[in-house]
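Q: Spelled out, the chains give:
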Amino acid sequence: MITTSHYLILSTIILTIGIVGVLTRRNVLIVLMSIELIFNAVNINLVAFSKQLQNTIGQVFVVFVITVAAAEAAVGLGIVIALFRNKEKINLDEIDLLKW
Amino acid sequence: MLKYLWLIPLLPLAGSALIGLIGLYRVRVIGRKPNKTLVHTIAVGAVAIACLLSLGAIHDLMSLPQDERVYETVSFTWIPATPLKLTNGAWATFKVDWAYRLDPLSAVMIFVVTFVGFLIHVYSIGYMYEDSGYWRFFAYLNLFMFAMLTLVLGNNFLILFVGWEGVGLCSYLLIGFYFEKKSAGDAGKKAFIVNRIGDTGFVIAMMLIAVTFGTLNFEEVFRAAGAWPTETMTWGLLTGITLFLFLGATGKSAQIPLYVWLPDAMEGPTPVSALIHAATMVTAGVYMVVRCNALFSRAPHTMAIVAGIGVATAIFAATIGFFQRDIKRVLAYSTVSQLGYMFTACGVGTFAAGLFHVYTHAFFKALLFLGSGSVIMGMHHEQDMAKMGGLRKYMPWTYATMLIGTLAIAGIPGLAGFFSKDEILWRAYGGGHKIIWFVAFLTAGCTAFYMFRLIFLTFFGQPRFLDAAEPAEESHHSHGGHGQDTVHGGVGHGHGVRLPHESPKSMIIPLVVLAVGSIVAGYVGMPSYITHTNLWEHFLDPVFRYQAPVSDHGGHDAASTEILMTALSVLIAGAGIFLAYWIYNRRKTQPADEQRSLGVVYQCFFNKYYVDQIYDALIIHRTKDLGTGLWAFDRNVIDGLGVNGSGWVTRSLGRLSGVFDKYIVDGAVNLLAWMADRFSYIFRRIQTGLVQSYAMVIMVGVIAFFSLYMYLSK
Numbered sequence: 000m001i002t003t004s005h006y007l008i009l010s011t012i013i014l015t016i017g018i019v020g021v022l023t024r025r026n027v028l029i030v031l032m033s034i035e036l037i038f039n040a041v042n043i044n045l046v047a048f049s050k051q052l053q054n055t056i057g058q059v060f061v062v063f064v065i066t067v068a069a070a071e072a073a074v075g076l077g078i079v080i081a082l083f084r085n086k087e088k089i090n091l092d093e094i095d096l097l098k099w
Numbered sequence: 000m001l002k003y004l005w006l007i008p009l010l011p012l013a014g015s016a017l018i019g020l021i022g023l024y025r026v027r028v029i030g031r032k033p034n035k036t037l038v039h040t041i042a043v044g045a046v047a048i049a050c051l052l053s054l055g056a057i058h059d060l061m062s063l064p065q066d067e068r069v070y071e072t073v074s075f076t077w078i079p080a081t082p083l084k085l086t087n088g089a090w091a092t093f094k095v096d097w098a099y100r101l102d103p104l105s106a107v108m109i110f111v112v113t114f115v116g117f118l119i120h121v122y123s124i125g126y127m128y129e130d131s132g133y134w135r136f137f138a139y140l141n142l143f144m145f146a147m148l149t150l151v152l153g154n155n156f157l158i159l160f161v162g163w164e165g166v167g168l169c170s171y172l173l174i175g176f177y178f179e180k181k182s183a184g185d186a187g188k189k190a191f192i193v194n195r196i197g198d199t200g201f202v203i204a205m206m207l208i209a210v211t212f213g214t215l216n217f218e219e220v221f222r223a224a225g226a227w228p229t230e231t232m233t234w235g236l237l238t239g240i241t242l243f244l245f246l247g248a249t250g251k252s253a254q255i256p257l258y259v260w261l262p263d264a265m266e267g268p269t270p271v272s273a274l275i276h277a278a279t280m281v282t283a284g285v286y287m288v289v290r291c292n293a294l295f296s297r298a299p300h301t302m303a304i305v306a307g308i309g310v311a312t313a314i315f316a317a318t319i320g321f322f323q324r325d326i327k328r329v330l331a332y333s334t335v336s337q338l339g340y341m342f343t344a345c346g347v348g349t350f351a352a353g354l355f356h357v358y359t360h361a362f363f364k365a366l367l368f369l370g371s372g373s374v375i376m377g378m379h380h381e382q383d384m385a386k387m388g389g390l391r392k393y394m395p396w397t398y399a400t401m402l403i404g405t406l407a408i409a410g411i412p413g414l415a416g417f418f419s420k421d422e423i424l425w426r427a428y429g430g431g432h433k434i435i436w437f438v439a440f441l442t443a444g445c446t447a448f449y450m451f452r453l454i455f456l457t458f459f460g461q462p463r464f465l466d467a468a469e470p471a472e473e474s475h476h477s478h479g480g481h482g483q484d485t486v487h488g489g490v491g492h493g494h495g496v497r498l499p500h501e502s503p504k505s506m507i508i509p510l511v512v513l514a515v516g517s518i519v520a521g522y523v524g525m526p527s528y529i530t531h532t533n534l535w536e537h538f539l540d541p542v543f544r545y546q547a548p549v550s551d552h553g554g555h556d557a558a559s560t561e562i563l564m565t566a567l568s569v570l571i572a573g574a575g576i577f578l579a580y581w582i583y584n585r586r587k588t589q590p591a592d593e594q595r596s597l598g599v600v601y602q603c604f605f606n607k608y609y610v611d612q613i614y615d616a617l618i619i620h621r622t623k624d625l626g627t628g629l630w631a632f633d634r635n636v637i638d639g640l641g642v643n644g645s646g647w648v649t650r651s652l653g654r655l656s657g658v659f660d661k662y663i664v665d666g667a668v669n670l671l672a673w674m675a676d677r678f679s680y681i682f683r684r685i686q687t688g689l690v691q692s693y694a695m696v697i698m699v700g701v702i703a704f705f706s707l708y709m710y711l712s713k
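As given, the protein sequences belong to chains A and B, one line each in that order. Using numbering that gives the first Met the number 0, read the first sequence as starting at 0 and increasing by one per residue. Using numbering that gives the first Met the number 0, read the second sequence as starting at 0 and increasing by one per residue.
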């Protein structure tokens with residue numbers, strides 16, 4: 000029997016992977032992908048609680064999150080492409096223009 | 000005519016204003032002097048009409064019953080009613096009107112002032128004709144008439160004071176008439192300043208009267224004072240008031256100690272000496288004392304002082320008059336001496352006799368001064384009697400009239416001075432003031448002596464002007480008068496020595512009129528042993544309504560004593576005249592001989608007892624020292640310590656607060672800025688520009704806050 004706790008554990012694992020990815024990976028594309036993982040961890044949470052509480056609002060919300068995540072990914076990739084065109088760099092630790 | 004009373008002072012004022020304005024306009028705008036005929040027509044006309052109005056008013060006053068002879072006319076309210084707290088704690092309504100009062104006392108005064116004033120105006124036409132300041136002179140003279148008439152007609156102390164100051168001003172202006180001469184300017188200032196001292200006393204007295212009686216109106220003050228007791232034993236309020244009033248009188252009427260200005264006042268033109276410094280203004284003090292008889296008679300201590308000062312001044316000035324060489328100075332000291340007589344009379348309580356002497360003195364002293372003016376002009380502006388002599392032949396009219404004046408002042412029976420002087424002597428004796436009588440009696444002899452010395456030196460003996468050097472030094476006077484020579488042609492004019500000449504008619508006629516006056520004026524006050532009642536005293540009775548009852552010291556002891564006293568005073572006058580005759584006519588003593596034969600005494604008399612020098616040393620230089628001291632105080636303490644000191648303190652404080660501002664206040668501001676600058680070097684390190692490190696911080700923050708939340712909500 001798969002309970003809500005299982006979902007939450009899975010969500011936690013994915014969130015952790017996502018956060019570690021964001022904080023540790025140098026490649027900006029991988030960072031973007033890790034952000035997607037964080038979104039999905041959240042989505043799993045929402046769906047799990049939606050099921051447990053027998054309330055569809057959680058699932059509706061997930062659809063919205065996916066939509067926004069798609070838009071965010073598009074904007075993020077656009078910025079990455081613009082950045083790469085100007086700097087020919089893709090590693091985050093080499094991009095520190097906005098420092099003191 | 001009484002209702003035109005207000006016009007009497009106003010006419011001369013209008014005349015003065017008119018002449019002054021015309022003069023200023025002509026001189027300043029057109030650049031020429033005003034027409035002389037116009038000037039003296041206005042001036043003499045104004046005074047003549049005033050004189051006629053006065054005579055009319057006096058006539059009307061005389062036609063009233065004896066007890067109703069007071070006429071008051073209010074022109075306007077000067078000081079509107081104001082509450083005034085009196086010394087006794089009550090509140091009075093203080094109010095001063097510009098009002099004139101005609102009663103027997105002011106009637107006598109306006110008669111003397113306008114009549115003698117008119118004659119002197121006429122005389123001035125001749126005397127001042129060649130003067131460049133002709134219009135100025137008449138403007139001042141008319142202004143003086145206004146002030147003097149205001150003085151004697153005012154119905155309260157304040158109006159009297161307006162006139163009092165007005166005559167002082169005119170006196171100053173006219174003494175300094177030849178202001179380009181330093182001595183004249185100095186004399187004017189001296190007169191003004193000495194008078195100021197007296198006026199201070201008068202003002203104080205006036206304020207005391209106001210806070211004591213709540214009014215300055217004569218009638219009200221005297222009626223109130225009439226209810227007061229006589230301060231026989233005590234020095235009370237009335238004694239204080241009268242002493243201050245008398246201080247004012249000593250200034251105006253040239254008594255010890257303030258007489259010093261009058262002899263110097265002779266620097267003015269001779270008509271001025273006659274009108275202001277002999278006949279009218281200087282008698283203002285006597286007038287004031289007589290006016291305030293209700294106050295004075297209740298203050299016996301003041302009365303004693305008045306009598307003492309009066310008689311001391313009389314003998315003091317008479318002895319100075321002995322050996323003066325300047326013809327006008329002799330007359331000036333004679334005036335001081337005669338004023339002393341008047342105060343003596345007031346001091347012994349016979350105010351009527353004092354006023355009688357004012358009245359007769361006005362005639363003969365004006366006559367003598369005008370005569371001396373005629374002599375001076377005839378001698379081509381020579382005033383030194385040592386250079387005269389034998390003028391009888393050259394100036395018969397002047398000689399005759401002056402002789403009459405001299406006889407009158409010496410107290411020869413039948414002339415004006417005899418009656419008044421004798422009245423005073425008799426009253427002093429009869430009132431029991433034997434010492435005062437004796438000094439006054441001696442003074443009568445002195446008066447006869449120095450006056451006849453003047454006559455003998457001037458009109459008798461050998462002419463001394465013939466052997467005098469070229470009279471070149473004489474022409475330093477600005478006013479001419481030489482033009483008259485052509486009128487009286489035939490005298491050696493322009494040939495080395497210029498012989499004396501008689502004066503023009505406009506000068507002789509006033510002399511003759513005054514000479515007649517000097518003879519007849521006294522008959523209104525003949526002693527009671529001739530007429531049944533003394534007309535003069537009877538006429539003046541209403542004035543003394545509030546006088547304190549006089550205690551008689553056997554004043555009624557028979558006419559025989561009075562006649563004896565009269566004989567005595569005639570005798571001493573005769574002795575004085577004989578002495579002068581013996582010394583200056585028989586032995587032909589010259590002024591130069593006096594010094595040789597008398598030595599120290601002569602020096603003492605001639606130098607006026609060195610009073611001027613003593614005043615200089617004791618008062619004037621001390622005042623200057625005080626001024627210098629105050630100046631030093633002002634400079635060092637007020638300016639130095641006060642002004643500059645506080646300036647220095649302010650500057651130092653400013654500097655201090657500048658330092659504080661610069662280092663503490665600005666320093667704090669700068670410190671903050673500096674600290675922000677320094678700290679920014681440290682904290683800006685946080686902003687690495689690396690997105691992942693920011694995310695790390697956010698992460699740690701979220702976990703921290705979340706943990707805290709969990710911890711706290713447990």
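The hints are simulated quantities; they were obtained by calculation from the structure and are not laboratory data. All values derive from a computational prediction rather than experimental measurement. You may find that some hints are simply not true.
Stated by the list, open to error - Short derived list, chain B residues pointing at chain A, Cβ under 7 Å: (1) GLN686; (2) MET695; (3) VAL696.
What the hints assert, rightly or not - The following label-pair restraints were derived from C-beta to C-beta distances: (4) A:LEU52 x B:MET674: 26 to 36 Å; (5) B:MET674 x A:ALA73: 43 to 53 Å; (6) A:VAL46 x B:ARG677: 27 to 37 Å; (7) B:ARG677 x A:ILE94: 28 to 38 Å; (8) B:SER692 x A:GLU71: 18 to 28 Å; (9) A:ILE78 x B:SER692: 38 to 48 Å; (10) B:MET674 x A:LYS50: 56 to 66 Å.
Claimed, not checked - Derived coverage of chain A by chain B (criterion: at least 3 residues anywhere in the stretch with Cβ under 8 Å from a Cβ of chain B; other residues may be distant): (11) 62–74; (12) 92–98.
Using N, Cα and C, we set each Cβ at its ideal position, and we do this for glycine too.
Q: Run through the hints listed earlier and report the numbers of any the structure violates, in increasing order.
A: Hint check: 3, 4, 6, 9, 11 fail, others pass.
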